[in-house]
Amino acid sequence: MKTFRLQVDTYHKEELIDITKEIRNFVKESGVESGYLILFVPHTTAGITINENTDPDVQTDVIKGLRDVFPNREDYLHFEKNSDAHLKSSVIGVSEMVLIENNDLALGVWQGLYFCEFDGPKSRKVWIKIFTD
Amino acid sequence: MKTFRLQVDTYHKEELIDITKEIRNFVKESGVESGYLILFVPHTTAGITINENTDPDVQTDVIKGLRDVFPNREDYLHFEKNSDAHLKSSVIGVSEMVLIENNDLALGVWQGLYFCEFDGPKSRKVWIKIFTD
Amino acid sequence: MKTFRLQVDTYHKEELIDITKEIRNFVKESGVESGYLILFVPHTTAGITINENTDPDVQTDVIKGLRDVFPNREDYLHFEKNSDAHLKSSVIGVSEMVLIENNDLALGVWQGLYFCEFDGPKSRKVWIKIFTD
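Protein chains in written order, with this note's numbering: chain A, 12 to 144; chain B, 12 to 144; chain C, 12 to 144.
Simulated from the structure, these hints should not be mistaken for lab results. A few of these clues could be false.
Copies of the same chain are indistinguishable here, so a pair counts whether it falls within one copy or spans any two.
Derived BS3-like pairs: lysine-lysine, alpha-carbon spacing no greater than 30 Å straight-line [unchecked claim]: (1) Lys133 - Lys13; (2) Lys92 - Lys32; (3) Lys32 - Lys133; (4) Lys24 - Lys133.
Based on the sequences and whatever the hints tell you, model everything.
What follows is the structure, encoded as C-alpha cells:
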C-alpha cells in the first residue's frame with residue numbers, strides 16, 4: 012500500500028499535537044481490517060509519541076519535563092544552536108507502530124498519537140504506511 | 012494471526028517485570044518459524060524495554076536513574092499528579108519489536124523483555140501480535 | 012528474507028557511528044522495491060537512533076547531553092559499574108524501523124542511522140531484516 016504523507020503545521024518552539032483523528036481516518040479509508048501501521052517522522056528535531064488523550068495538561072507537563080532535563084546549553088557545539096531539539100528527538104524517537112483491529116487503530120482507552128515539535132514553528136510531515144496481516 | 016493479550020500485575024509504584032518467558036511461549040505456541048512480533052502496552056503510565064536479563068540490580072538501577080532524572084514536580088499541572096509517570100512512558104516507549112528465528116525470540120544473549128511500571132501497583136496488559144515472513 | 016548481520020567496531024566509551032551507507036547497501040542488494048526494514052541491536056549497553064547526518068557536532072552534543080543527564084553514580088548497585096550505559100540503552104532503544112521506497116531507504120533529507128555505543132570500545136552487531144509489502 013502506498014505511503015500517506017500527513018502535513019502537520021506547528022506554531023510554537025515546543026508542542027505536542029494530537030494527530031490521532033487524522034491517522035484514524037487513514038486507517039478507515041484504507042479498508043484494512045487487521046494489520047498494523049508504521050508512523051515515521053522524517054525530521055531530526057521532532058518526534059512522535061503515544062500518551063494520554065484527555066487532560067491536555069499532560070502534554071504541557073511532558074514538554075516542560077523534557078525542556079528542563081534536556082536544556083539548550085552554551086557548550087553545545089552544533090552551529091544551529093538547536094542541539095537540545097536533536098537530543099529530544101533521539102530520546103522520544105521518530106517512529107511508532109500501532110496495531111489495526113476492526114478497521115481501526117488498536118489503542119488503549121487513554122492513548123492518543125502525538126506529533127512532538129521540539130524546534131518550531133515549522134511545517135512538518137508524518138509518513139504513514141499501513142500493512143495488512 | 013490474532014492478537015494475544017498478556018496480563019501483567021504490578022506490585023510497586025515503579026517496577027521492571029521480566030516477561031521474556033511469557034512472550035517466548037506465545038512464539039513457541041504460534042508455530043511461526045521466521046518473522047517478528049510487535050509488543051504494545053495500551054497504557055500511558057507504563058512502558059516496555061529490552062535490557063539485561065541476568066543481574067537484577069540493573070533493573071533496580073534503571074528505575075532509580077529514571078526516577079531521579081524525571082522526578083514528580085510541584086509545578087506539574089496534570090490533576091492526577093502522576094506526570095512523572097507519563098513522561099517516563101514517553102521516554103521509554105510503549106512498543107517493542109523483536110525478530111523471530113527458529114520458532115524463538117531472536118534476542119542477544121544478555122537481553123530480556125521488561126514491562127515497565129511507572130504508576131503502580133496496577134493490573135496491566137501487553138498486546139502481542141506475531142507476523143510471519 | 013534472511014537476517015543480515017552487520018559488524019560495528021567501536022573505539023570509544025561513548026560514540027555515535029553512522030551506519031546509513033551500510034544499511035542502504037543491504038536494501039539495494041535485496042532488490043526490494045517497497046517495504047520496510049527492522050534494525051535490531053542485540054546488546055544491552057548500546058542502542059540505535061536516527062538523527063542529523065550533516066554536522067558531526069550534533070552527534071557529539073547528543074553524546075554529551077546524555078552523559079550529563081544520565082551519569083554513572085556511586086550508588087548504582089550493578090556490579091559491572093556500567094548502569095549508566097544500560098539506562099541510556101533503554102532511553103534510546105535498541106531497534107528502529109525504516110520504510111523502503113524505490114529500492115532505497117525512505118529517510119528525511121537530514122536523517123542518518125546511527126549505532127550508539129555507550130560502553131565501548133567493543134565489537135558490536137546490528138541485525139537487519141527486510142520485509143516486502
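Here is what the structure says about each hint:
For a Cα distance limit of 30 Å, the shortest separation of Lys133 from Lys13 inside one copy, 25 Å, qualifies, whereas the shortest one across copies, 40 Å, does not. Taking the closest pair of Cα atoms, Lys92 and Lys32 come within 30 Å of each other only across two copies (27 Å); inside a single copy the shortest separation is 34 Å, beyond that limit. With identical chains, the CA atoms of Lys32 and Lys133 are at most 30 Å apart both within one copy (21 Å) and between copies (29 Å). Taking the closest pair of Cα atoms, Lys24 and Lys133 come within 30 Å of each other only inside a single copy of the chain (9 Å); across copies the shortest separation is 36 Å, beyond that limit.
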